[in-house]
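**Student:** Below are the chains, spelled out letter by letter.
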Amino acid sequence: MATYKLTTPISEEQIRKLKVNDIVYITGTIITARDQAHKRALQYHKEGKQLPINLEGLAVFHCGPIVKKEGDEWIIVAAGPTTSTRMDIFEDEFIKNFKTRVIIGKGGMGKRTTDAMQKYGAIYGAFTGGAAVLAAKAIKKVRTVEWFDLGMPEAFWILEAEEFGPLTVAIDSHGNNLFEDVKKKTEENRKSIYEKLGIQQ
Amino acid sequence: MSLEQTVENVAVNLLRLAVTELPKDVKEALQKAYQQETSSAGKTQLKAILDNIELAEKTRTPMCQDTGTIIFYVKAGAEVKNLDKIPNALRNATKRATTEVPLRPNAVNPLEQKNTGDNTGRNIPFINWEIVPGNILEITVLPKGGGSENVCTMAMLSPGEGIKGLKKFVIDSVIKAGSKPCPPNILGVAFGGGADIAMKLAKKALLRPLTQPNPNPELAKLEKELLEAANSTGIGPMGLGGKFTVLGVNVDYAARHPASFPAAVAFNCWAARRATARIHPDGRVEYLTHEMR
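So the protein sequences, as listed, match chains C and B.
Reminder that position 6 of the first sequence reads as 6 in the working numbering, one-by-one numbering, no gaps.
Reminder that position 89 of the second sequence reads as 89 in the working numbering, one-by-one numbering, no gaps.
Chain C extracted, bound-state conformation (with noise of 0.2 angstroms):
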């Protein structure tokens, strides 16, 4: 278990040294993504449309943030991550098409981002659920906001970061998920907590 600080932009090279339970603290350009700003991306990129941001190389965070105005500068409040698995269905093409890097959110993703990432070089760092000062502490610029018009929490947040984590490595670009390992090591306890509860099966 290593400990990792990353500049973005992020290299496919950087990206395949990292293995799962690693730990990863990112500075430079981080966006927010949620399912509707997943899927406007991918719509853009299906009618040729340039996006407002080159992806390549950024971090993409699963997030719905509070954020203020204060005169013109925009200022996060609080901004933890949001549950990722409902990006398991955009994730493998927003990979695909954008050669984003790091995909952060919380409770992990299933078998077809794994595969993206094995395949397109990408890594999933699992930022602690919840922890939203935390994060806001470590973002220090709002760049911009795009496609404000899906809603505060669903926008895409152009960020600027230091050292934001401490991500771990959960799922890394060799195939390895340390969610579904807990998932299968959850399966085996089953067993044995019905025997001890006195259940039958």
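Among these hints, one or two may not hold up.
Chain B regions said to be covered by chain C (calculated; three or more residues, Cβ under 8 angstroms) [said to hold, decoys possible]:
1. 30–44
2. 63–69
3. 173–179
4. 227–236
5. 258–272
Going by beta-carbon spacing under 10 angstroms, a handful of chain B positions derived as facing chain C [unchecked claim]:
6. Asn52
7. Arg104
8. Pro110
9. Leu111
10. Glu112
11. Lys114
12. Pro215
13. Pro217
14. Lys221
15. Lys224
16. Gly242
No more than 30 angstroms apart at the CA atoms, straight line, and that leaves these computed lysine-lysine pairs for DSS-like [to be verified]:
17. Lys243/B / Lys5/C
18. Lys191/C / Lys32/B
19. Lys137/C / Lys43/B
20. Lys114/B / Lys141/C
21. Lys58/B / Lys204/B
22. Lys185/C / Lys58/B
23. Lys164/B / Lys224/B
24. Lys58/B / Lys183/C
These are calculated hints, taken from the structure and not from any lab test.
Computed from a prediction, not measured in an experiment: that's the story for all the values here.
Beta carbons are placed, not taken as given, at the ideal position from N, Cα and C, and that holds for glycine.
Dock chain B against the given chain C, drawing on the hints supplied.
**Tutor:** For chain B alone, kept in the frame of chain C given last:
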């Protein structure tokens, strides 16, 4: 000041306190979990949680971006006048807190799929009423996070299987929920009554402090058993593996129909937020879960 105005001000304070500072019992349970967790990934998560709640408290900002669906529990003394004004006061307080704290606008009209923008909507904030003897008004707010709400379970079990069936249902619910409800969780478990009653009791059980033992020894034993079982799953903090999947299990029940055995499990995330205050007849306000700063 009118009761309506007092209730509004107190409720704004309660919302602010609840989302920025965890009650002492939850904080201590998280600290204990951090000290005793043996999985490194789990420990990293608990450390981030503790750092986060400390920062939230210091900067008085919401500890989680999901400031929840706003639910109130009102214990009204039967002698308190103008109780009919309270729903409006709580509604106004919710709107005010949304801009003043701020809270994330979390009330969506499900027909139009449109966010109302101020955390109020049809039946929201929801108010649970209880009329008790006396002249004191006790208000509790439970800002309920969506991630943990999404894994709540309810089932009509087979009466023949009894408590064993209940235990299986609880453990299956915990395993199925996995990482989703932001563990370590607090579980509210209830059985009997009817489908709605079981879930209502389960959710209300989330309000009992972790340090307060169940007065019913049989239920206390069941809670301990369920806690140990849930913590043997290996799910761990944030589902990354470890021994702290739940911080506590609170159980309640109601008498059941001979043909039914309803059971419900309400999940609360590690950000198990709640705040309670009492308004006395002379206007004095007493905050029970937090120190008013």
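**Student:** Each hint: holds or not?
**Tutor:** Cross-check of the supplied hints:
Counting residues of the region 30–44 of chain B whose CB lies closer than 8 angstroms to any CB of chain C gives 3, so the stated coverage by that chain holds, three being the minimum. Requiring three or more residues with a Cβ within less than 8 angstroms of a Cβ of chain C, the coverage given for the region 63–69 of chain B holds, as 5 such residues are present. Coverage of the region 173–179 of chain B by chain C holds in this model, with 3 residues showing a Cβ closer than 8 angstroms to a Cβ of that chain against a need of three. Taking a C-beta to C-beta cut-off of 8 angstroms, the region 227–236 of chain B contributes 6 residues in contact with chain C, enough for the three needed, and the coverage statement holds.
A count of 3 residues in the region 258–272 of chain B with a Cβ less than 8 angstroms from any Cβ of chain C is obtained; the coverage claim is therefore met, three being the minimum. Because the smallest distance between the Cβ of Asn52/B and any Cβ of chain C comes to about 4 angstroms, under 10 angstroms, the interface hint for this residue holds. Nearest Cβ of chain C to the Cβ of Arg104/B: about 5 angstroms, under the 10 angstroms cut. The hint holds. Annotation: interface hint on Pro110/B violated; nearest CB of chain C at approximately 15 angstroms, more than 10 angstroms.
A hinted interface residue such as Leu111/B counts as satisfied when its beta carbon comes closer than 10 angstroms to some beta carbon of chain C; here the least separation is about 17 angstroms, so the hint is violated. Among the interface hints, the one on Glu112/B is violated; its C-beta lies about 13 angstroms from the nearest C-beta in chain C, farther than the 10 angstroms criterion. Against a cut-off of 10 angstroms between C-beta atoms, the interface hint on Lys114/B holds, since the closest Cβ of chain C lies about 9 angstroms away. A cut of 10 angstroms between beta carbons decides the hint on Pro215/B: the least distance to chain C is about 23 angstroms, and the hint is violated.
At a threshold of 10 angstroms, the smallest CB-CB gap from Pro217/B to chain C is about 19 angstroms, leaving the interface hint violated. For Lys221/B, the interface hint is violated, the least distance from its beta-carbon to any beta-carbon of chain C being 12 angstroms, above 10 angstroms. At its closest, the beta carbon of Lys224/B sits 12 angstroms from a beta carbon of chain C; the interface hint therefore is violated under the 10 angstroms criterion. Hint on Gly242/B holds. Least Cβ distance to chain C is approximately 9 angstroms, under the 10 angstroms limit.
At most 30 angstroms may separate the alpha-carbon atoms for a hinted pair to count; Lys243/B and Lys5/C meet this at roughly 29 angstroms. Between the alpha carbons of Lys191/C and Lys32/B the distance comes to roughly 28 angstroms, so the proposed pair stays at or under 30 angstroms and holds. A distance of roughly 21 angstroms separates the Cα atoms of Lys137/C and Lys43/B; the hinted pair therefore holds under the 30 angstroms criterion. At roughly 29 angstroms between alpha-carbon atoms, Lys114/B and Lys141/C fall within 30 angstroms of each other, so this suggested pair holds.
Taken as a hint, the Lys58/B and Lys204/B pair is honoured in the structure, with Cα atoms around 29 angstroms apart against an allowance of 30 angstroms. The hinted pair formed by Lys185/C and Lys58/B fails the criterion: a straight-line CA distance of about 38 angstroms is larger than 30 angstroms. Proximity of Lys164/B to Lys224/B is assessed by CA-CA distance (about 15 angstroms); at most 30 angstroms being required, the pair is judged to hold. Among the hinted pairs, Lys58/B with Lys183/C is inconsistent with the structure: their alpha-carbon atoms are about 36 angstroms apart, more than 30 angstroms.
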